[in-house]
Amino acid sequence: MTDISQKTYAPGQHPDLPPPALTTGVLGWMRANLFSSVGNGILTLAALAVLAVVLPKVLDFVFFDAVFFAEDRQECQALGSGACWAVIIERFQVSIYAFYPDELRWRPNLAFVLLFVALGPLLFDKFPARKQMLFFSMIYPFLAAWLVVGGLGLEPVETNKFGGVMLTIIIGVTGIVGSLPLGIVLALGRVSNLPAVKIVCVGFIEFIRGVPLIALLFIASTMLNYFLPPGTEFDLLLRVLIMVTLFSSAYIAEVVRGGLQAVAKGQYEAADSMGLTYWQSMRLIVLPQALKISIPGIVNTFIGLYKDTTLVIIIGLLDVLGVMKSALADPKWNGLAVEVYIYTAVFFFISCFAMSRYSLYLEKKLHTGHKR
Amino acid sequence: MTAQVSSDKRSAVSRLWNDKESRSVMIQVITIGALFALFFYLGVNAYLNLKAIGKDLSFEFLWQPASYDINQTLIEYTSRSTHFRAMIVGLLNTLLVAVAGIMLATILGFIVGVLRLTKNWLVNRIAYCYVEALRNVPLLLWILLIHGVVVGTLPAVRDALGLGDIFFLSNRGLYAPSATFEPLFLATVIAFIAGIVFSIWFKRRAKKIQEETGRILPVLWTVLAAILLFPIVVFLVTGLPVQWSIPELKGFNFAGGFSIKPEFLALWLALSIYTSAFIAEIVRSGILAVAHGQTEAAGALGLRTNRTLQLIVVPQALRVIVPPLTSQYLNLTKNSSLAIAIGYMDIVATIGGISLNQTGREMECMALVLIIYLSFSLSISMFMNWYNKRIKLVER
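Sequence lines, in order, name chains F and Y. Each step along the first sequence adds one to the number in our numbering, with nothing skipped, and position 165 is 165. Each step along the second sequence adds one to the number in our numbering, with nothing skipped, and position 353 is 353.
Note that these hints are calculated values from the structure, not bench results. Accuracy of the hints is not assured; some may be wrong.
[Said to hold, decoys possible] Below 27 Å or equal to it, Euclidean Cα-Cα: the simulated DSSO-like pairs (lysine-lysine) are:
hint	chain 1	residue 1	chain 2	residue 2
1	Y	LYS119	F	LYS325
2	Y	LYS208	Y	LYS20
3	Y	LYS389	Y	LYS203
4	F	LYS265	Y	LYS261
5	Y	LYS207	F	LYS265
6	Y	LYS208	F	LYS198
7	Y	LYS389	Y	LYS207
8	F	LYS131	F	LYS325
9	F	LYS364	Y	LYS119
10	F	LYS198	Y	LYS389
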């Protein structure tokens with residue numbers, strides 16, 4: 001290696017020196033991102049210490065000491081000291097379909113696959129033949145209900161046989177589909193300049209937002225029959241669906257109201273001066289802009305709604321959490337609560353994380369302002 | 001002739017409909033009418049249904065003995081107390097877990113929110129994982145999971161985890177020493193209050209001096225000394241007027257001290273860490289919302305980093321943070337109703353649960369529950385409106 005400092009060069013001919021070793025490569029990255037100052041260095045070391053203590057224990061419990069195949073809990077304990085995933089493997093089918101008849105499971109499966117076909121054109125604007133597919137998206141809710149519940153040529157299935165992941169998705173999707181239009185109407189009512197309409201909408205929204213969903217579900221399960229004509233029998237699942245939809249529509253309404261208020265006043269005035277009627281100006285001018293602004297909030301509300309579907313176990317419906325909890329009552333698997341909860345948590349994490357990623361993608365796509 | 005009349009009528013109606021004022025009146029009349037019709041319909045149905053099974057609406061049952069036990073009570077309660085007292089016990093339990101949860105959630109949330117903004121890659125990633133893991137899993141699951149861990153994996157009372165033989169953690173809950181205050185302790189309390197009053201006065205004076213002369217007084221240290229050091233000195237001088245009762249293992253359980261039940265522990269921790277993830281995101285976006293030019297302008301004026309934070313960034317960030325923060329507090333309070341899943345006796349579990357089942361008075365019990373939650377949320381909204389008005393950006 002030649003020592004370049006010994007050579008002489010004509011002015012401007014000196015070859016470029018390599019950057020200082022501490023500013024490039026792994027070392028440079030570590031210095032910039034982990035040890036940029038004394039405080040940061042201490043923080044990094046503390047974080048590493050915590051990870052070194054916690055991670056091995058978690059990994060041991062979840063993977064290395066875990067038992068995946070066993071007949072019951074005793075066998076699990078004999079085979080390893082970690083988690084007993086055998087309970088999940090045995091109950092996997094039940095956790096998805098609960099008591100839905102075996103031979104009819106193709107129907108919810110088909111409905112589930114079609115859900116993505118229906119969602120595709122709604123979520124991604126580059127979807128092939130989007131216009132035509134949107135028609136399918138519009139009839140999808142009825143198609144799915146027909147497939148899952150039966151009737152009209154298909155063998156009917158009682159709704160009390162619904163459960164597991166299937167029930168979670170049914171409640172979540174129905175709530176989402178139903179609450180968006182209702183929420184938009186409520187939001188329009190809330191910002192309307194007709195006092196009576198405004199008061200009714202504000203009253204409804206504030207009432208729903210002021211009470212916990214549990215209380216509303218209790219009302220749906222115990223009291224709703226009092227308010228219906230004597231002798232009416234009303235399916236529990238349907239009651240829950242209605243309550244969940246009403247509940248989340250109030251939250252959607254608040255999000256959309258934020259969007260409506262963010263649309264510049266000139267837009268409303270311009271629509272009026274074009275001679276558009278109220279509904280035309282809303283549909284063509286105001287709502288497209290307002291909804292664009294409120295999409296992240298709407299998706300967040302949907303995630304909240306989806307997570308809230310777990311509350312139905314308190315009034316006796318068996319969603320994925322409820323079905324798995326019932327496995328705990330089985331003497332074979334008694335006491336494996338942590339495993340069951342982790343499994344359910346992973347299920348919810350995957351679906352909710354996907355939704356929040358989608359919302360970020362939309363935010364980026366719709367972001368037309370400046371970025372720092 | 002008849003055709004002409006009907007066409008006149010139609011045009012009258014359409015004229016009314018096309019006139020903006022009369023149309024808005026018509027729409028409102030229709031709305032109100034439909035609402036009243038709905039309430040009337042529901043009311044009549046409820047009346048008929050209640051009549052059919054021979055029930056009436058009455059709150060008499062509130063004064064009858066509840067005859068069930070509540071394992072955690074802040075006020076005196078036995079199974080012979082009334083349903084009304086059970087409701088108050090439940091209400092206090094709800095408030096207890098809500099206030100404790102709000103405190104812990106705020107502390108955790110602010111810490112994690114700031115950590116999400118550090119340039120330290122590792123810490124940043126850990127904070128990110130914390131937020132995402134908590135936000136994307138239902139709260140009910142967190143409550144059940146933490147309750148499962150507390151009850152299932154913590155040792156039995158006999159092998160309780162001890163911390164210096166003062167605190168004990170077992171599957172029956174957390175045992176901590178309790179204090180009995182002697183009359184002289186009042187001096188410490190007075191010292192504390194005096195410290196706060198002095199701090200407020202000192203802060204105002206410091207601000208005035210700074211505005212007049214530009215001299216900056218050491219506010220933080222003076223305030224800390226007045227609020228913390230002064231009461232401690234008074235406490236020591238008056239001769240430690242507190243007696244501690246330390247929990248001791250006697251027979252099958254601990255005696256002495258005070259205990260936190262595992263239900264409360266699980267609910268409190270779950271509510272706090274779940275809400276802290278949301279608060280962290282609020283804090284992060286609030287700090288990011290302060291335009292970068294503000295920090296640069298402060299730098300150009302020659303303010304030091306901590307003065308920039310204190311005088312420029314935090315006041316502006318708070319304007320963005322506080323409204324969603326209060327709604328998270330309200331959410332936490334409402335979410336505490338999930339207590340019923342693990343048997344913590346809050347308002348829903350007492351009056352809306354056991355009392356309801358015992359007396360069969362669904363209407364009355366649920367009405368009470370709804371009224372209580374609505375009054376929580378209305379009072380928080382009122383605070384919000386007041387705060388928003390106070391900090392509203394004064395624009396030209």
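Evaluation of the provided hints:
{"no.": "1", "hint": "Y:LYS119 / F:LYS325", "result": "violated, 42 Å"}
{"no.": "2", "hint": "Y:LYS208 / Y:LYS20", "result": "violated, 57 Å"}
{"no.": "3", "hint": "Y:LYS389 / Y:LYS203", "result": "holds, 24 Å"}
{"no.": "4", "hint": "F:LYS265 / Y:LYS261", "result": "violated, 55 Å"}
{"no.": "5", "hint": "Y:LYS207 / F:LYS265", "result": "violated, 41 Å"}
{"no.": "6", "hint": "Y:LYS208 / F:LYS198", "result": "violated, 47 Å"}
{"no.": "7", "hint": "Y:LYS389 / Y:LYS207", "result": "holds, 24 Å"}
{"no.": "8", "hint": "F:LYS131 / F:LYS325", "result": "violated, 44 Å"}
{"no.": "9", "hint": "F:LYS364 / Y:LYS119", "result": "holds, 22 Å"}
{"no.": "10", "hint": "F:LYS198 / Y:LYS389", "result": "holds, 22 Å"}
In summary, the numbered hints that this structure violates are 1, 2, 4, 5, 6 and 8.
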